[in-house]
Structures are given as C-alpha cells and as structure tokens.
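Novice: Residues per chain are reported as follows:
Protein chains: 2
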Amino acid sequence: MKPWERYSPELVTDLYELTMAASYLDEGMSGEATFSLFIRDYPEFRSYFVSAGLQRLLEVLECLRFEAGSIEYLKSLGMFSAGFLEYLRGFRFSGTVRAIAEGRIFFSQEPVLEVTAPLIEAQVIETLVMNTIQAETLFASKAARVFHAARGKGLIDFGMRRAHGVDAALSAARASYIVGFMGTSDLLAGRIYGIPVFGTMAHSYVTSFDREIDSFLAFAKTFPNNTIFLIDTYDTVAGAKKAVAAAGIMARTGGKLLGVRLDSGDLAGLSRQVRQILDRAGFHDVKIMASGGLDEFELEAMAGEGAEIDVYAVGTKVDVSADAPYLDIAYKLVDYDRKPVLKLSSGKKTWVGKKQVLRFYDAAGKMHHDRLCMTPGVEGGGAESGEPLLELVMKGGKRVRRPETLGEIRARFSSEFERLPEKYRALRATEKYPVEVCESLQNLDQKTAEEKKRLEVDSVLGA
Amino acid sequence: MKPWERYSPELVTDLYELTMAASYLDEGMSGEATFSLFIRDYPEFRSYFVSAGLQRLLEVLECLRFEAGSIEYLKSLGMFSAGFLEYLRGFRFSGTVRAIAEGRIFFSQEPVLEVTAPLIEAQVIETLVMNTIQAETLFASKAARVFHAARGKGLIDFGMRRAHGVDAALSAARASYIVGFMGTSDLLAGRIYGIPVFGTMAHSYVTSFDREIDSFLAFAKTFPNNTIFLIDTYDTVAGAKKAVAAAGIMARTGGKLLGVRLDSGDLAGLSRQVRQILDRAGFHDVKIMASGGLDEFELEAMAGEGAEIDVYAVGTKVDVSADAPYLDIAYKLVDYDRKPVLKLSSGKKTWVGKKQVLRFYDAAGKMHHDRLCMTPGVEGGGAESGEPLLELVMKGGKRVRRPETLGEIRARFSSEFERLPEKYRALRATEKYPVEVCESLQNLDQKTAEEKKRLEVDSVLGA
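Chains A and B, in that order, give the protein sequences.
Under this note's numbering, think of the first position of the first sequence as 9, with each following residue one higher.
Under this note's numbering, think of the first position of the second sequence as 9, with each following residue one higher.
Please note that a few of the clues may not be correct.
Pairs count within a copy or across copies, as identical chains cannot be separated in the list.
Derived DSS-like pairs (lysine-lysine); straight-line CA-CA distance at most 30 Å [as the list claims (entries may be wrong)]:
1. Lys-264 with Lys-83
2. Lys-229 with Lys-264
3. Lys-461 with Lys-374
4. Lys-461 with Lys-431
It should be emphasised that the hints constitute simulated quantities derived from the structure, not laboratory data.
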C-alpha cells in the first residue's frame with residue numbers, strides 16, 4: 009500500500025486504542041461510555057474557536073471497517089488474540105454523536121463533540137476523532153482571525169505548498185472557505201469540496217521569458233480575461249508600468265486585465281504606488297493582490313498603513329496556524345456504565361458527565377455567556393433555558409441528517425461571527441468569554457473527585 | 009470522491025502551475041528547465057536540516073498521471089483549452105532529479121533537490137515537490153533535535169492525534185524513525201512503513217474501572233508481557249505503588265511488567281520517586297516512560313534535573329514542529345534553455361544555475377564546511393574537490409536505483425549526525441555552519457543580476 013493511494017481510516021489510530029479495546033473485550037466491558045472532545049485552553053491571543061471537520065469525521069465513522077489488509081497487519085504484530093481480530097472484522101461504529109455544528113463558535117472547556125457508544129467503539133475511534141477535528145478546527149479558528157483582520161477585503165488560501173501534507177492543505181482550504189475566504193489555489197480542494205479556485209503566476213514564469221513584458225503578454229494571450237500579473241520579480245514599480253503597458257495591449261485586443269500581485273517588499277507602500285500607476289493609466293478596476301508571509305497581524309498593520317490592496321493571498325501562516333500550530337484538545341471519558349468518571353491528573357481539568365452547552369444572548373442578539381450543564385434527562389440535569397449547542401448528528405452509527413453544503417456552513421459562520429462581540433473578536437483579546445458551569449455539574453464533579461481521591465490516593469498513602 | 013478514499017496526486021497542485029503550463033504550451037516553450045529546492049533561512053535556534061520525504065516524492069513522480077476524473081474537473085473550470093487538456097491526458101514526468109539523500113544533513117541556501125525537465129513538467133510538479141519534501145524535512149529536522157536532547161534515552165512518536173491530518177502523522181512517524189526514534193504509536197505508519205509500534209494505556213482506560221488497580225490487573229491479563237501502566241490518573245506516587253502491587257501479581261502468574269508511564273506533573277521529580285518505589289520492590293528492570301507536551305527543551309531540562317526516565321514519548325510538539333511549524337522552502341527556476349535565470353525580489357535571494365553542493369571534512373572526519381558550486385560540466389563549473397551531496401536519483405522520469413529501506417536511511421542519519429560538530433547540534437546554536445559560494449557561481453549570479461536589472465528596471469525607469 010502506498011501512502012498516496014489510499015489510506016485505511018481504521019488504522020488512523022494509536023496502538024493503545026486497540027490494546028485497550030482488546031482488554032475491554034476480554035473483560036466483557038461493553039457498557040455505554042461517553043467521551044467529551046474539548047479544548048482545554050486558548051493559545052496566546054486567542055479567544056474563540058470555530059467548529060470544523062465534523063462532516064469528514066461522520067463520513068468516515070459511518071463506514072469504518074477493518075479491512076482484510078489491516079487485520080493482517082494487526083495479526084502480524086503478534087500481540088492480539090484470534091478472538092479480538094475476529095471482533096475487529098465485524099467492527100461497526102454503532103454509537104451516538106452530538107456535536108456543535110460546523111461554522112459555530114465555541115470556547116475552551118466546552119465539548120465540541122460528545123460520543124456515546126459501547127466503550128470499545130468509543131475508545132477505538134479516539135485518535136481518528138482528534139486528528140480529524142483538531143486540524144480543521146485549528147485552521148478555521150486561525151482563518152477566522154485573518155478574515156476579521158481583512159475587514160471585508162478578499163482572501164484566498166495559497167498555502168498548499170507548505171501545509172503539513174495533502175490532508176492538511178485540504179482541511180485548511182475547506183476551513184478557510186467556511187469562514188469567508190473567496191477560495192483557494194488548491195485544485196484537490198477545488199475538486200473534492202467544490203471550492204472556487206484562483207491563481208496568478210509564479211516568478212519562475214516571469215523569469216523563463218527573456219523580458220518581463222513578454223511573460224505578461226504571453227499569459228494574457230492564453231488567458232485574455234483571467235490574468236493577474238505578478239509584478240515584483242525584478243522591481244515592483246517598474247513591473248507595474250509594464251503591467252499597464254500590457255493591459256493596454258490586452259484592452260485593444262478584447263481582453264481585460266483582472267489584477268496585479270505584489271509578493272515582496274513594503275506591500276502597503278508599494279500598493280499605494282501601484283494603485284496610482286494603474287489609476288493614472290485609467291485602469292481603476294484592475295485589482296491589487298498581495299501575498300508573502302501574511303497573517304492577521306500583517307493585515308491589521310497594512311490596513312493601518314493605508315494599503316491599497318483588494319485581495320490578500322494568505323498561505324503558510326494560515327495553513328500551519330503558525331503562531332499556534334496545535335490546540336490543546338482532549339478526548340476524555342466522562343461517563344461509563346451510567347456513572348460519571350474523571351481523572352485527577354494535575355493541571356488537566358475535565359468536567360465529568362454527559363454535557364450540554366447552553367448559549368445566552370443579550371438584548372441586541374450578541375453572545376453574552378455560555379453555560380456548561382449536565383444533559384437534560386440525566387439525573388441532576390435541569391431543564392435550563394438557553395440555546396443548546398450540541399446537536400444530535402449521528403445515531404446508531406448513521407448520520408441523522410443529510411450532509412450540509414459548504415455554503416450552508418459558511419452562512420452559519422457568517423451570522424455566528426456577527427453575534428460575537430467585538431471584544432472577543434480582537435486579534436489580541438484580553439477578555440475571555442464567560443463560560444459558567446451549572447451548579448449541579450459542579451456538585452457532581454466535586455463529589456466524583458472526592459470519592460476518587462479517597463479511594464485511590466488516601467487509601468494507598470495511608471496503607 | 010471522498011478525501012479519505014484516495015487522493016489524486018496530480019491535483020496536489022496550485023491552479024497557477026496549470027495556467028502557467030497552458031501558456032508554456034501555447035508559446036511552445038519546451039526548453040529544458042532546472043528548478044532548485046532550498047530553504048532560505050533557519051528558524052530560530054536551528055542550525056541544520058535533515059533531508060526527508062524524497063522516496064515518497066519519487067514514487068509519486070514516477071507514476072504521475074492526470075486521470076479522467078481530474079481532467080473532467082479541470083475542464084469544468086472552463087478556463088483550459090481542449091489542446092491543453094489533451095496535453096495533460098498524455099502527461100508524464102520525464103525529467104531528471106538530483107537530490108541530497110534522505111537522512112543527510114544540509115544547510116540553508118543549499119539545494120536539497122534539483123529538478124531538470126522540460127519547463128512544463130518541472131513547473132507542474134512544483135507544489136507536489138514542496139508539499140512532500142517540506143513537511144517530512146520539517147519533522148525530521150525537529151525530531152533530530154529531540155533525538156540529540158534525549159542523550160541516548162528511548163524515544164517514541166505519540167503525535168498522531170494532533171498532527172495536521174493523516175499525512176502529517178505518517179510523515180512525522182517516518183521522519184522521527186529516520187533520526188533514531190524507536191518507533192511510533194501510529195498504526196498506519198506501522199503498516200505502510202513497517203515502523204515498530206508502541207503503546208501504553210489511556211486515562212480513559214484507567215477511569216473506566218472502579219479502581220485503578222483493577223485496570224492494571226485487567227490489562228496485564230490480556231497482555232502479560234507487553235504492559236506499561238499509566239500511573240498518573242489520580243496520583244502518580246500512589247499509582248506507582250499500585251503498579252508495584254500489580255507487577256508482583258503479574259510475576260507470580262508468569263507475566264512481566266515492562267514499564268510505567270508518567271503523563272503530568274513534575275516529571276523529573278516524580279520519576280525519581282517512582283524509580284525508588286520500583287527499585288525498593290525489586291523491579292529494577294521496569295522502565296519509566298514519560299509523556300505530556302515534551303520537546304527538546306523539556307528533555308534537556310529534565311536531564312539537568314536528574315530525571316530517571318528511560319523512554320520519552322513525544323507527540324504534538326514534534327508532529328507539528330511547534331516552535332517552527334514551517335520552513336522557508338522555495339522551488340525556484342535557476343536555469344532555462346541553457347541560460348541562468350533569477351529574480352531580484354527584495355529580501356529573497358536565489359542562486360542562479362544548476363548547482364552542486366560539496367562537503368569538506370576536517371582531519372577528525374567532522375563536517376568542516378560546504379561549498380555551493382556550479383555543476384561540473386556546465387560552463388564555468390570547475391572540477392572541485394569535496395564530497396558532492398546532490399546525487400542522481402531519477403532520470404527520464406524513472407528512479408535510477410531501488411528504493412532505500414528505512415533502516416538504510418536511519419543508519420545514514422546516524423553516521424551523518426556523528427560527523428556534525430557539537431556546536432551545530434546545540435539546541436540553541438549561535439554559530440552557523442559555513443556554506444561558501446564558489447567564485448564562478450558568484451560571478452555568474454552577479455552578471456545575471458546586473459543584466460536583468462539593466463533590462464527590467466533601469467530601462468523602464470529611464471523611459
């Protein structure tokens with residue numbers, strides 16, 4: 009099997025998921041378990057997360073099977089019993105998934121997803137759940153900040169080349185489109201997700217011609233109405249003048265230059281000069297695109313410097329979420345066999361029990377605070393008001409509704425982001441959005457922790 | 009097509025690669041082009057890179073085809089001519105690739121790979137080349153630092169869950185194995201690459217039992233000779249005492265505890281306490297493993313604190329290269345139709361021409377300096393001494409030798425790293441390894457730049 013041919017989602021897992029499963033099977037531990045997926049804390053400067061990646065996860069879960077080649081591989085490890093391998097041959101995910109819809113905003117400590125299933129099943133999918141949701145939520149959360157900083161200017165994802173592999177580029181293209189980017193340069197994302205694709209030209213294109221102007225005219229000949237010149241190969245201002253010359257020739261032959269791209273130097277200052285050159289020649293509708301190591305902080309700075317940039321192409325720093333390349337995401341068992349469970353490991357708080365997140369808005373319709381509560385119906389789970397964020401998306405291992413289109417998710421993020429108060433949208437947010445914890449949940453948590461401490465720590469220390 | 013079913017490597021590309029290709033085809037620009045892949049500069053604290061990812065790239069290049077579904081997708085964009093789509097249907101990569109072997113150390117500005125092919129072909133593969141080599145070289149370069157900091161202690165990759173997708177986890181597992189890790193928890197990497205797999209147990213496992221000791225005994229029953237207890241779920245010291253009790257029971261029934269894992273708290277201090285508890289009970293050969301947000305700096309600190317840790321499980325921070333999540337890698341046209349070419353964009357230096365990297369050693373066999381030169385045989389390319397690093401790996405689109413095993417690559421890194429002087433291995437290297445540029449290359453570069461400047465900048469400004 010070659011990595012780029014096909015990957016077996018059933019092996020997107022850490023070995024210990026399967027050794028634990030083997031032990032559960034031996035022990036007959038088939039009780040119902042609930043795992044919470046949540047992010048412990050914010051990376052520096054961050055104040056919210058954007059849910060993304062759910063659809064891909066549900067697609068995979070629905071048809072997760074241990075194919076013969078994977079079973080053979082596991083057998084070759086010499087550590088699993090024939091009985092367990094037989095169990096895996098018949099493995100299906102039959103559980104329930106409740107999740108915060110893609111494109112919605114959520115906060116630290118809030119479960120973005122809860123899985124309820126027979127213990128083995130919920131355990132086996134841990135790595136897959138984390139790997140899928142973490143990456144896309146990471147990219148969406150980063151791209152949303154860039155979207156905010158762009159203040160209505162166009163944005164295109166150009167990051168495929170330095171993303172951490174093909175998957176990462178796909179997830180980043182999808183995530184950035186969800187939060188409002190115009191599209192991506194990534195053709196695979198274009199094909200798989202139907203995201204609009206954009207492109208300009210590379211320096212290699214310009215340098216492969218004897219003269220810059222020759223490269224411009226050649227490209228325009230093949231794409232008379234779909235051309236953006238890259239003008240910084242030798243000198244941006246000189247390049248802009250050549251772009252004007254080429255645009256004039258294009259206009260005379262029925263074509264129309266879409267734009268020019270700057271990729272180096274003082275982008276804000278150069279953009280003003282280039283705008284002037286274009287305007288003086290009458291090319292008011294030729295757009296200016298900028299690229300080159302951009303992120304939300306660069307965009308904010310350039311807006312402050314009066315940049316005349318219509319479209320930002322952002323790449324690497326979004327596609328790897330450069331300032332915060334991972335989220336402190338955890339998938340924790342919170343309930344097993346109808347009993348709340350938790351760990352006490354220092355510095356790593358997990359709230360026990362099956363939960364719901366309730367959202368409250370102020371009179372203007374802006375998000376005011378969230379409450380983390382026990383699920384209604386569970387003992388101690390009250391009938392609280394507030395908008396419940398976790399929705400049933402999978403039952404008995406099947407999706408309960410048709411897959412959403414990217415357009416629907418994109419629209420949801422757009423209205424959701426409108427409702428997020430400005431102070432939490434800030435690029436360097438100092439205030440954290442309030443997430444209260446219901447009293448009944450706090451009590452349950454404390455009671456469970458005390459019991460565990462008595463049982464596991466004091467008894468041994470006293471012994 | 010579902011993203012996890014199969015990806016089309018021919019679409020692992022930015023749109024502009026294909027629009028440029030379409031223009032080249034229209035222009036009849038089929039001359040031979042050479043592109044250099046190199047890293048412009050070091051991330052903070054870094055002083056070397058480890059070549060990785062080549063094998064996967066060559067595998068893909070050898071059978072790169074535009075399948076019917078991809079052609080249909082491109083046609084649907086409505087921007088490509090029938091003639092160009094026909095060209096893509098017959099596309100094969102027929103070029104030459106010279107590269108620095110996987111597992112070797114290289115430095116900034118040195119081409120880790122050069123592609124020589126008809127211009128269109130060399131252009132079309134740009135994104136694929138960058139995406140493939142960047143990620144794995146990034147992970148190998150990070151993991152090598154961790155390997156160095158571990159000072160001979162064992163290392164296992166546990167990062168799949170927070171890697172940026174499945175590919176990223178695969179690349180990280182492979183890259184970290186190349187530089188000396190014992191293995192990975194990633195079963196897909198185990199299956200695809202044959203890397204040894206390791207695992208312990210999760211907190212969820214421990215908490216799904218009424219008592220911690222029950223969980224230990226249950227696991228040991230299923231894996232009597234392959235068990236590592238996770239002992240920090242409630243309290244690490246109390247957990248260690250229970251591990252001792254369980255290990256005693258295991259021993260009496262013919263089993264043998266391999267180790268215990270710490271995952272939170274003051275790992276160095278706790279490891280000393282746990283070692284004492286194990287030793288006093290006679291379990292001198294039970295290993296201590298530590299995990300939890302580890303990287304090379306943490307490992308260095310723990311060694312300084314006298315940690316009694318035998319094996320480090322490192323995850324997220326290696327699998328996303330957290331302190332430097334991307335490399336400033338570039339793929340630049342340096343020669344077209346037997347003429348050196350370059351761009352002048354500010355702050356982005358590219359050396360012109362087809363090149364070779366020569367390495368020189370001191371009397372003790374340690375790396376002394378490298379020289380960046382023109383390829384011998386090219387006009388001006390001298391017959392310099394020194395060890396040439398770029399080797400022919402693909403000719404006429406076919407690999408010129410059998411694929412290397414991971415073991416071979418791993419051995420190469422090991423001997424290579426031995427030859428890297430300590431001052432460059434340091435975690436916070438202050439000195440940069442000397443990479444000289446041959447005079448003939450400097451002259452060619454300067455001459456090309458001057459000509460370009462005269463032609464492209466002065467002529468316009470003077471006009």
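Novice: Hint by hint, note whether the structure agrees.
Specialist: Going down the list of hints, with the structure as the test:
In the homo-oligomer, the alpha carbons of Lys-264 and Lys-83 lie at most 30 Å apart only across protomers (22 Å), although the nearest pairing inside one protomer, at 63 Å, exceeds that limit. Only within a single protomer do Lys-229 and Lys-264 lie at most 30 Å apart by alpha-carbon distance; the minimum there is 11 Å, versus 74 Å between protomers. Taking the shortest alpha-carbon separations for Lys-461 and Lys-374, neither the intra-copy value of 41 Å nor the inter-copy value of 56 Å comes in at or below 30 Å. In the homo-oligomer, the alpha carbons of Lys-461 and Lys-431 never lie at most 30 Å apart, since the shortest distance is 40 Å inside one protomer and 49 Å across protomers.
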